[in-house]
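Work out the full structure, taking the sequences as your base and the hints as a guide.
Residue strings, one per chain:
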Amino acid sequence: MRKVNQKGWLFVLPVVILVAFNALVPMMTVVNYSVQETFGNNQFFWHGLGWFQDILRSERFHAALGRQVLFTVTILLIEVPLGIAIALAMPRKGFWVPVCLVTMALPMLIPWNVVGAMWNIFALPDIGLLGYFLNHVLGIDYNMTRDPVAAWITIIVMDVWHWTSLVVLLCYAGLVSIPDAYYQAARIDGASNWAVFRHIQLPKMKHVLTIAVLLRFMDSFNIYTEPFVLTGGGPGNSTTLLSIDLVKMALGQFDLGPAAAMSLIYFSITLLVSWLFYTLMTRHDTH
Amino acid sequence: MALELRAVTKRVGQVTHIKETTLKLERGRFNVLLGETGSGKSSLIKLMAGLDAVSSGQILMDGKDVTGMSPQRRNISLVHQFFVNYPHMTVFENIASPLRVAGLPKAEIAARVEEAADLLQLRPMLNRRPHELSGGQQQRTALARAIAKDAEAVFLDEPLANLDYKLREELRDQLPELFAGRGAVVVYATSEPAEALMLGGATALMHDGHVTQFGPTGEIYRKPNSLISARVFSDPPINTARVSKRGDRMHLSHGPSWPATGAAAALRDGDYIVAIRPHHVSPMPIGDDDVALTGTVQITELSGSESTAHFQMGEDVWVSLSPGVHPYRVGEDHTFHMDPTHCFYFAPDGAFVA
Numbered sequence: 001m002r003k004v005n006q007k008g009w010l011f012v013l014p015v016v017i018l019v020a021f022n023a024l025v026p027m028m029t030v031v032n033y034s035v036q037e038t039f040g041n042n043q044f045f046w047h048g049l050g051w052f053q054d055i056l057r058s059e060r061f062h063a064a065l066g067r068q069v070l071f072t073v074t075i076l077l078i079e080v081p082l083g084i085a086i087a088l089a090m091p092r093k094g095f096w097v098p099v100c101l102v103t104m105a106l107p108m109l110i111p112w113n114v115v116g117a118m119w120n121i122f123a124l125p126d127i128g129l130l131g132y133f134l135n136h137v138l139g140i141d142y143n144m145t146r147d148p149v150a151a152w153i154t155i156i157v158m159d160v161w162h163w164t165s166l167v168v169l170l171c172y173a174g175l176v177s178i179p180d181a182y183y184q185a186a187r188i189d190g191a192s193n194w195a196v197f198r199h200i201q202l203p204k205m206k207h208v209l210t211i212a213v214l215l216r217f218m219d220s221f222n223i224y225t226e227p228f229v230l231t232g233g234g235p236g237n238s239t240t241l242l243s244i245d246l247v248k249m250a251l252g253q254f255d256l257g258p259a260a261a262m263s264l265i266y267f268s269i270t271l272l273v274s275w276l277f278y279t280l281m282t283r284h285d286t287h
Numbered sequence: 001m002a003l004e005l006r007a008v009t010k011r012v013g014q015v016t017h018i019k020e021t022t023l024k025l026e027r028g029r030f031n032v033l034l035g036e037t038g039s040g041k042s043s044l045i046k047l048m049a050g051l052d053a054v055s056s057g058q059i060l061m062d063g064k065d066v067t068g069m070s071p072q073r074r075n076i077s078l079v080h081q082f083f084v085n086y087p088h089m090t091v092f093e094n095i096a097s098p099l100r101v102a103g104l105p106k107a108e109i110a111a112r113v114e115e116a117a118d119l120l121q122l123r124p125m126l127n128r129r130p131h132e133l134s135g136g137q138q139q140r141t142a143l144a145r146a147i148a149k150d151a152e153a154v155f156l157d158e159p160l161a162n163l164d165y166k167l168r169e170e171l172r173d174q175l176p177e178l179f180a181g182r183g184a185v186v187v188y189a190t191s192e193p194a195e196a197l198m199l200g201g202a203t204a205l206m207h208d209g210h211v212t213q214f215g216p217t218g219e220i221y222r223k224p225n226s227l228i229s230a231r232v233f234s235d236p237p238i239n240t241a242r243v244s245k246r247g248d249r250m251h252l253s254h255g256p257s258w259p260a261t262g263a264a265a266a267l268r269d270g271d272y273i274v275a276i277r278p279h280h281v282s283p284m285p286i287g288d289d290d291v292a293l294t295g296t297v298q299i300t301e302l303s304g305s306e307s308t309a310h311f312q313m314g315e316d317v318w319v320s321l322s323p324g325v326h327p328y329r330v331g332e333d334h335t336f337h338m339d340p341t342h343c344f345y346f347a348p349d350g351a352f353v354a
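For the record, the sequence lines run as chains A and B. If you're matching positions, the first sequence starts at 1 in the UniProt record's numbering and goes up one per residue. If you're matching positions, the second sequence starts at 1 in the UniProt record's numbering and goes up one per residue.
Certain hints may be false.
Facing chain A, a subset of chain B residues (Cβ under 10 angstroms, in silico) [said to hold, decoys possible]:
id : residue
1  : 75
2  : 77
3  : 155
Simulated from the structure, these hints should not be mistaken for laboratory data. This structure is a prediction, so every number in the text was calculated from the model and none was measured. Ideal Cβ placement from N, Cα and C applies to all residues, glycine included.
Structure below.
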């Protein structure tokens with residue numbers, strides 16, 4: 001029989017402990033809440049899968065999920081092509097490289113609640129720079145605190161401003177790793193700019209793009225802080241994304257059971273989509 | 001019919017990459033650019049291919065001025081030292097890519113791809129992608145692309161440098177046949193003198209952004225026009241020493257001397273530089289007229305069936321390269337022998353004199 005070196009476990013132990021405390025233990029408490037009815041004085045009664053059935057049938061959940069999907073799809077459709085385009089337009093060498101990189105990285109360095117607060121003030125129709133400019137200089141009727149469409153546009157523009165840089169920087173990293181020889185070979189083949197993009201740059205960016213889309217999907221699907229600070233989910237419920245709805249239910253109404261069930265469903269969707277996407281994108285590389 | 005460079009230079013900012021160069025590279029033969037890394041071979045190839053713009057001068061293809069014409073519009077191909085293939089395309093699609101861009105009919109593309117694939121033994125790999133191939137197969141794919149395109153000019157920039165020894169030999173033997181009879185201008189850059197000799201044709205010796213000598217390979221090997229050219233075209237490096245001619249004899253500063261014969265006999269008395277290739281310095285007597293040179297052995301190497309010895313002689317370190325295995329003793333004196341008829345003589349400024 002092969003001798004197994006049991007000391008190996010010692011090396012994995014720190015990670016196991018870390019993951020247990022920051023992920024597994026909190027998640028188990030959520031699982032615990034999701035199958036029970038909680039009353040005052042910490043009295044718990046078994047409720048089975050009832051909360052899950054309620055959530056999956058609830059129109060409120062469907063609406064929040066729909067808004068969430070709309071938000072994520074919209075920002076992905078804007079940020080990914082825009083990020084690629086900016087990365088392609090950035091200089092590959094010379095003085096302007098560090099300038100561009102730092103400028104690109106700046107939005108990502110700002111804390112999320114500050115981003116929300118910044119855009120909130122920026123977009124206020126009476127005192128905000130953007131709001132005032134749109135209303136009083138361009139004469140466009142814009143009020144994100146009253147008009148759902150304006151609120152949506154503001155949230156999306158804010159997310160694009162905040163996170164396109166991530167796509168840009170990842171794509172740029174992919175682009176600069178392409179040796180000059182490829183571009184030379186393509187020019188000698190007589191390839192057009194589109195062909196160079198399609199046959200050299202895009203295939204070489206595929207891996208970083210996969211990561212970029214995955215990160216943007218997860219972050220935007222789980223987004224909370226910025227829209228919460230910017231619109232607080234309003235006007236009405238028009239920008240109440242999944243996470244905002246979840247917090248309302250858990251901390252506003254103190255419905256611990258349904259909120260726990262909802263967060264598990266929420267988590268499963270994020271996990272499932274991420275897994276599907278990653279598997280599909282990397283399927284070609286394995287065989 | 002040829003690719004011609006007329007007084008071509010390349011400067012980037014204050015730095016001169018290519019000094020004024022005039023060359024005429026004929027169609028249908030192997031033109032080798034030989035020089036060490038950084039001597040300007042790749043820069044010159046980029047200029048010839050139109051990938052870089054010249055700073056001054058003219059490039060002509062068959063008499064037609066192509067200076068400044070983009071590589072897209074010229075019928076050329078280039079094979080790099082790195083294996084450059086489109087990663088997501090199969091070998092077939094890779095070889096076909098320039099033909100598809102040119103808009104050839106499907107049947108002709110297939111025929112030409114298959115012909116090139118046969119020449120390079122790639123037929124079983126046509127449906128694979130580059131990352132599923134070995135280094136040698138990837139480079140053969142790049143070569144097949146160059147051949148299938150049937151370009152007017154083919155630039156091979158150290159195409160074998162990243163291959164292992166055996167593959168390199170195999171492919172090098174094949175290269176001249178691959179391009180024979182196609183009538184293209186073939187330019188082959190290498191840093192190995194042995195490759196230049198094996199591939200034959202014409203060779204341009206490059207040093208420090210400058211073509212120091214150009215001509216049929218055998219001719220310039222036997223008759224270097226300067227000390228620099230002699231150095232470029234010798235591996236291991238050519239042995240040199242100061243020599244003075246007094247009367248009809250050549251004297252090394254530390255003693256050994258020999259009669260000045262042949263062209264050297266006509267030289268005026270004075271100081272010169274003598275140069276002789278390491279394989280003409282033997283650890284054993286060669287003939288009656290050889291010159292005995294005694295030096296202290298410093299380093300010895302055995303490579304395959306050849307022995308190399310570095311020895312200190314007077315103020316110079318010389319190298320002897322000889323077939324067979326010789327039992328040198330490091331640190332001890334050994335007497336080497338050279339045949340003075342293989343010596344080149346240069347003026348102190350490096351110009352060839354005899």
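Hints versus structure:
Annotation: interface hint on residue 75(B) holds; nearest CB of chain A at approximately 9 angstroms, less than 10 angstroms. At about 6 angstroms, the closest approach between the beta carbon of residue 77(B) and any beta carbon in chain A falls short of 10 angstroms, and the interface hint on this residue holds. Nearest Cβ of chain A to the Cβ of residue 155(B): about 9 angstroms, under the 10 angstroms cut. The hint holds.
When held up to the earlier numbered hints, the structure conflicts with none and fits them all.
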